[in-house]
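As given, the protein sequences belong to chains A and B, one line each in that order. So for the first sequence, my numbering puts the first residue at 1; every next one is plus one. So for the second sequence, my numbering puts the first residue at 1; every next one is plus one.
These aren't lab readings, by the way, just hints derived from the structure by calculation. Where is the CB? At the ideal position from N, CA and C, for every residue including glycine. Possibly wrong hints are sitting among the right ones.
Facing chain B, from chain A, some residues (calculated, C-beta under 10 Å) [as the list claims (entries may be wrong)]:
(1) 53
(2) 76
(3) 82
(4) 83
(5) 88
(6) 89
(7) 92
(8) 101
(9) 105
(10) 106
(11) 109
(12) 302
(13) 304
(14) 306
(15) 308
Calculated Cβ distances over 12 Å to all of chain A for the following chain B residues [as the list claims (entries may be wrong)]:
(16) 37
(17) 75
(18) 152
(19) 171
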Amino acid sequence: MDSRFDVELAAVTKRYGVTTAVNAISLRIPQASYCCLLGPSGCGKTSTLRMIAGHERVSAGDILLQGEVVTDKSPRQRGTAMMFQNYALFPHLTCLDNVAFSLKMRGVGKRERHAKAQEFLSLVHMEAFAERLPAQLSGGQQQRVALARALITRPRVLLLDEPLSALDPFLRIRMREELKRLQRELGISFIHVTHGQDEAMALADIMVVMEGGRICQAGPPREVFERPNSSFVARFIGGHNVLPGDFGEVAVRVDRCRLGHANGGPHLSGRVAAVEYQGSVVRVALETSAGQQAAAVLPDDLFYAGPVKPGDAATLVWAEADAHALAGATA
Amino acid sequence: MKQRPEREVRPWTFYALATLFGAYMLFLYGPMLMIYVLSFQGPNGGVTFPMVGVSLNWFADLFRDGQMGSIPAAFRRSLALAAVVSFLTVVISTSAGLGFRRRFPGSGVLFYMAIASLVMPSLLVGFGIALGFRVLGWNNSLFTSGLGAQLTWTLPFGLLTMFAVVARFPRSYEEAATDLGANGWQRLVHVTLPILAPGILGVAMGAFTLSYDEYARTVLTAGSSNTLPLEIYALLTSSTSPTLFAIGTLTTVVSFWVIGLTLWAILRLQRRRRPIAAGE
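Can you build the whole structure from these sequences, using the hints too?
Written as C-alpha cells, this is what we have:
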C-alpha cells in the first residue's frame, strides 16, 4: 500500500443522468498537504469533494485514501470529515453537543465526550461559547464550531466546501490564516473547494484549476500563476493579459506590462478604457480598436510620473521574456 | 420650516378597507359571541335575548343526569378519537414527507391521489366507507370505520403541511449527521425529527382539531356511539335550551386550549433556533 498520498483519484467520473459533472479526473494529493479545488460554478469541484467524502456515488473510477480503496465505503468508514458550506450545525443542540455529536453516536459516555468536545472547542478558541446554540453565534463563530465538530472525529482528510464564502472580507482573511495554521499543526490533508483564486493562492500547497468536469492544471500556486497552461487558466486565476502572439496566444502578467512606445518590441496599441486607483498600484485598462482588452498594473509612482486618463491613446509594452506561450491556445 | 406630522397621513381608502375588514370580523365572530354570552343565561331565561339574569346553570346541566347525560361520554370519545387520528396522521405524513423527497416512478400520481381526497364530497366519502364495511360484513364503529373516514380528511392536510415543512429542511443536516458517523436510525432520532419538531407539532394540532369537530364524514361511519359534534347535532334537532350554548362555550375553550398549547410549544422550540445568520 502506497500511503505517500493522502488522496488519490483514478479516472473518477460523476454522471447525473446524461450530464457528466466530473469527467475522468485523476489527481494525487501528497501527505499533509493543503489542496484547493478552484473553478467557476458548475466546474465539478463540489461534486469531486462530495465523492471523496462519500456523499455522492462515484459513477466510474476509484478513490484511494492513504493507499486504501474507499470508492464504495460509507462516509463513516472512510475517515474523512466534511465541513459544509452553510456549516450545517444542528440548530437544536448547543455548541458543546454539536461538537460531541460524533462521540455520542459511537456511544461515548456523557462526561467523557463533553470533556473531549470542550478540548476541541478550545482548539478553535470557542470554549467560552460551549452552551450557546448555533443561532446565537455569528457566522465566523459558527464556522469555528463546525471545524471543531469535524476535527473531533480525527479525520485522515478534512474536506471543506467553500468554507469562507459566507464571511465578510476581513473575517475571511483571518479565518484562512486559521485554517492554514490548523492544517499545519494537525499534519493532515485539507481539501478546500473555492471559486476565489486569491483564497486558493494564499492557502494551497497544490492548486487544482477545474473547468467543465476536468482538471485544467494542478500544481503549486506559484507554478500555476507563472506558467498557466491555457487561456482559461490564465484568465481565471487573474493577473494576466491573454494576447495574440506570433504562434498562438500568449499570457503576460499585468504587473509586467507598462505604458510606453513600441520601439520594435511586443506591444498593443489602443485607448485607455478605465483607470482605477488601488492604493499602492494603479490599474489601467486598455481597449484596442479591434475590441481586444488588456490591462497594466503600475506602481503608483510610475503611473503618476506620466498619468493617462480614459480616452487617451496608449500603447501597452512588455518584455519578450515575460510573454508565456499558452499550450492548446490554437485548439 | 413647516412641521411634518409624526405619522404618515393615511388615504381615505385605508379607512374604507378597515371598515370592511371590521365588518368581516364582526360577521366571523359575532354569532359565536352571541352564543358565548347566552350560555351564561339565567335559570329562567330562554335561547334568545334578553338575558334573564346571569348563571352557570346551563353548564351545571351538562353534568347532571338527564337529557344531557350523554355529553361527557361523547366528549371523552371525541378526545380519544382525535388523539388517535392525530397520532396516525403525524406518523404517516412525516414518513411520507421524508420519503417523497426522492422522486420515484408514480410518485406524482400517488401524491395527487392522496390530495384529491380533499375535494371529494365529505358525506359521500363517509357513505362509501360505511357501505364498504357493510358489504364486507363488518360493523361500523368509531375506531374502525369512523377512524378511517376521519383519516381521509386529516391525512391530505397533514401530507401537504409536511411536504412544505420538509421542503425547507436542508439535506446537509442529514449529510452532516452521516458524516459524523450516525447510522440511519440515529440520524432520524437525533437530527431529523428534532429539527422537524415544530412542523410535526403543527400537523398534530391540525389533525386533532380537524378530527375533533368533524361531522360530515363521521356521521355515517361512527356506528352506535356518537362523537361530540354528532351528539350536539342530535340535541339541536330534539331540544332547544341554553345548554347547547354552554356546550359551544366549553368546546371552544377546549379548542383554544389545544391551539394555544401547541403554539406555545412551537414558539418555545423556535425561539431557541432562529434561522442561522450568515456572516458576522
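Consistency of the hints with the structure:
1. 53: 7 Å, holds
2. 76: Holds - the Cβ of residue 76 of chain A comes within 10 Å of chain B, reaching about 4 Å at its closest.
3. 82: 5 Å, holds
4. 83: 9 Å, holds
5. 88: 4 Å, holds
6. 89: Hint holds; residue 89 of chain A Cβ to chain B Cβ min 7 Å, cut 10 Å.
7. 92: 5 Å, holds
8. 101: 5 Å, holds
9. 105: OK, holds: residue 105 of chain A within 10 Å of chain B, min 5 Å.
10. 106: At about 6 Å, which falls below the 10 Å cut-off, the nearest Cβ of chain B leaves the hint on residue 106 of chain A intact, so it holds.
11. 109: 16 Å, violated
12. 302: Since chain B brings no Cβ nearer than about 38 Å to residue 302 of chain A, farther than 10 Å, the hint is violated.
13. 304: 37 Å, violated
14. 306: 42 Å, violated
15. 308: Hint violated; residue 308 of chain A Cβ to chain B Cβ min 38 Å, cut 10 Å.
16. 37: The claim holds: residue 37 of chain B sits with its nearest Cβ about 44 Å from chain A, beyond 12 Å.
17. 75: 36 Å, holds
18. 152: Non-interface label stands for residue 152 of chain B: nearest chain A Cβ at 34 Å, farther than 12 Å.
19. 171: At roughly 9 Å from the nearest Cβ of chain A, residue 171 of chain B sits no farther out than 12 Å, so the non-interface label is violated.
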